[in-house]
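Participant: Sequence:
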Amino acid sequence: MIPKEPPPEAEMMKFIASKWIGKPIYAAAELGIADLLADGPLSINTLAETTRTHAPSLFRLMRALAGVGIFAQGEDGRFALTPTAECLKTGKLRSAAILFNAEWSDRAWARLLDNLKTGEAAFEIAYGQPLTEWLARNPDAAAVFDDANAVRAVQSHRVIVKAIDFSIHNHVVDIGGGTGALMTEILKANPHLTGMVADVAPVVEKAAMLIRQKELTARCEAVVCDFFKAVPANADAYILSNILHDWPDDQCRTILTNCRDTMARNSTLYVIEMIVPSGNTPSIAKLLDLEMLVMTGGRERTQEEFRDLLSDAGLMISVFHHTPDTISIIEIKRSI
Numbered sequence: 251m252i253p254k255e256p257p258p259e260a261e262m263m264k265f266i267a268s269k270w271i272g273k274p275i276y277a278a279a280e281l282g283i284a285d286l287l288a289d290g291p292l293s294i295n296t297l298a299e300t301t302r303t304h305a306p307s308l309f310r311l312m313r314a315l316a317g318v319g320i321f322a323q324g325e326d327g328r329f330a331l332t333p334t335a336e337c338l339k340t341g342k343l344r345s346a347a348i349l350f351n352a353e354w355s356d357r358a359w360a361r362l363l364d365n366l367k368t369g370e371a372a373f374e375i376a377y378g379q380p381l382t383e384w385l386a387r388n389p390d391a392a393a394v395f396d397d398a399n400a401v402r403a404v405q406s407h408r409v410i411v412k413a414i415d416f417s418i419h420n421h422v423v424d425i426g427g428g429t430g431a432l433m434t435e436i437l438k439a440n441p442h443l444t445g446m447v448a449d450v451a452p453v454v455e456k457a458a459m460l461i462r463q464k465e466l467t468a469r470c471e472a473v474v475c476d477f478f479k480a481v482p483a484n485a486d487a488y489i490l491s492n493i494l495h496d497w498p499d500d501q502c503r504t505i506l507t508n509c510r511d512t513m514a515r516n517s518t519l520y521v522i523e524m525i526v527p528s529g530n531t532p533s534i535a536k537l538l539d540l541e542m543l544v545m546t547g548g549r550e551r552t553q554e555e556f557r558d559l560l561s562d563a564g565l566m567i568s569v570f571h572h573t574p575d576t577i578s579i580i581e582i583k584r585s586i
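Numbering (the working numbering), first residue to last: 251 to 586.
Hints are supplied without guarantee of correctness; some may be wrong.
Calculated cross-link-like contacts (lysine-lysine; reagent style PhoX-like; alpha-carbon spacing at most 25 angstroms) [to be verified]: (1) LYS339 / LYS254; (2) LYS412 / LYS342; (3) LYS339 / LYS273; (4) LYS464 / LYS342; (5) LYS456 / LYS479; (6) LYS464 / LYS412; (7) LYS438 / LYS342; (8) LYS269 / LYS339; (9) LYS367 / LYS536; (10) LYS438 / LYS456; (11) LYS339 / LYS479; (12) LYS536 / LYS269; (13) LYS273 / LYS536; (14) LYS264 / LYS536; (15) LYS412 / LYS438; (16) LYS464 / LYS479; (17) LYS583 / LYS412; (18) LYS438 / LYS464; (19) LYS342 / LYS254; (20) LYS342 / LYS269; (21) LYS342 / LYS536.
Cβ-Cβ distance ranges computed for the label pairs, FRET-style [said to hold, decoys possible]: (22) GLU383 / PRO441: 37 to 43 angstroms; (23) PRO498 / ASN399: 16 to 22 angstroms; (24) ARG310 / GLU383: 35 to 41 angstroms; (25) LYS367 / THR576: 47 to 53 angstroms; (26) VAL473 / ASP415: 22 to 28 angstroms; (27) ARG313 / GLU383: 28 to 34 angstroms.
Just so you know, the hints here were simulated from the structure itself, not pulled from any lab data.
Quick reminder that beta carbons are idealized off the backbone N, C-alpha and C, glycines included.
With these hints in hand, go ahead and build the complete structure from the sequences.
Facilitator: In structure tokens, the structure reads:
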């Protein structure tokens, strides 16, 4: 017998009630359950004692997550990791589970309707200030935010280092390069290169520390930069990695125009972003686009939207590199 597809109501209810899974995942991540189970199955009483939680309530949470394949309950009643639950360990997706489900994030998402009516980022409606300013005043949330982005970046950095032919370049500037993680990976893989990490002052201090730790001070420096005013000169390669999606089009045009004004004719700009596919094609980029709408007022973009944005700034696309990861690499030259 051919199994029947679930009725539309069941499919819709799955989406409506998605918090019934997302919030328990968040709680398990906050409690560090996956880390506790790393050495093998544990009883609910042991988990409750270690996490200082109410055992009957924790059992109900674990049972629900086991029912959807996150954790597994054995015949002896103990709970164990599944391959999916492995991802909730520290250093993997634990920080992302906390970031996207934290109370402070929920407060911004609760203003989505206001966001849709006004076009103003929901976070700014909820908090009266941009996300970056709020994070600067809330170090615990900022630490989770930074860790979630750093974990996600590790895989992307490997892809970027392999996908771009750095052998044709001599000096690379990573604009908005954060703590320098991408630049140090590039320099390790390309001993002939010199590099520069350009970002705001607090982040540059962290980049300088990483450069010293990686013993790359002879080949790399970290400089303070406001990419809305200017970017460093004298490089033959520039990188904007996951920067443009943070900003609306007008601010992106300013950043890109500053890049254009600094670039020599033979310089290349590499923009690294997700690309939103056309039509009804499923894509994580379409969902992340909503996160950007709510949190920063930025956006993920289609290939044509990038083409138009770059053209407005006097730049043209040379090549689109689609990678095995979710990111694409746009190779860009000056057009004027």
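Participant: None of the hints should be skipped; say for each whether it holds.
Facilitator: Okay, the hints, checked on the actual structure:
1. LYS339 / LYS254: Violated - the C-alpha atoms of LYS254 and LYS339 are around 36 angstroms apart, more than 25 angstroms.
2. LYS412 / LYS342: Distance ~22 angstroms between LYS412 and LYS342 Cα, so the pair holds.
3. LYS339 / LYS273: 16 angstroms, holds
4. LYS464 / LYS342: Holds. LYS464 to LYS342 sits at ~22 angstroms (cutoff 25 angstroms).
5. LYS456 / LYS479: Holds. LYS456 to LYS479 sits at ~22 angstroms (cutoff 25 angstroms).
6. LYS464 / LYS412: 20 angstroms, holds
7. LYS438 / LYS342: Roughly 23 angstroms separates the two Cα atoms, so the pair holds.
8. LYS269 / LYS339: 20 angstroms, holds
9. LYS367 / LYS536: 20 angstroms, holds
10. LYS438 / LYS456: 18 angstroms, holds
11. LYS339 / LYS479: 40 angstroms, violated
12. LYS536 / LYS269: OK: LYS536 and LYS269 at ~19 angstroms, within 25 angstroms.
13. LYS273 / LYS536: 22 angstroms, holds
14. LYS264 / LYS536: 19 angstroms, holds
15. LYS412 / LYS438: With a Cα-Cα distance of about 12 angstroms, the restraint between LYS412 and LYS438 holds, given a limit of 25 angstroms.
16. LYS464 / LYS479: Outside the cut-off at roughly 30 angstroms; violated.
17. LYS583 / LYS412: OK: LYS583 and LYS412 at ~21 angstroms, within 25 angstroms.
18. LYS438 / LYS464: 9 angstroms, holds
19. LYS342 / LYS254: Roughly 37 angstroms between the alpha carbons, so the hint for LYS342 and LYS254 is violated.
20. LYS342 / LYS269: 21 angstroms, holds
21. LYS342 / LYS536: 23 angstroms, holds
22. GLU383 / PRO441: 37 to 43 angstroms: 40 angstroms, holds
23. PRO498 / ASN399: 16 to 22 angstroms: 20 angstroms, holds
24. ARG310 / GLU383: 35 to 41 angstroms: 39 angstroms, holds
25. LYS367 / THR576: 47 to 53 angstroms: 30 angstroms, violated
26. VAL473 / ASP415: 22 to 28 angstroms: Once the Cβ atoms are compared, 25 angstroms apart, the range 22 to 28 angstroms for ASP415 and VAL473 holds.
27. ARG313 / GLU383: 28 to 34 angstroms: Between ARG313 and GLU383, where Cβ atoms are some 41 angstroms apart, the hint is violated.
Checked against the numbered hints listed earlier, the structure breaks hints 1, 11, 16, 19, 25, 27; every other hint is satisfied.
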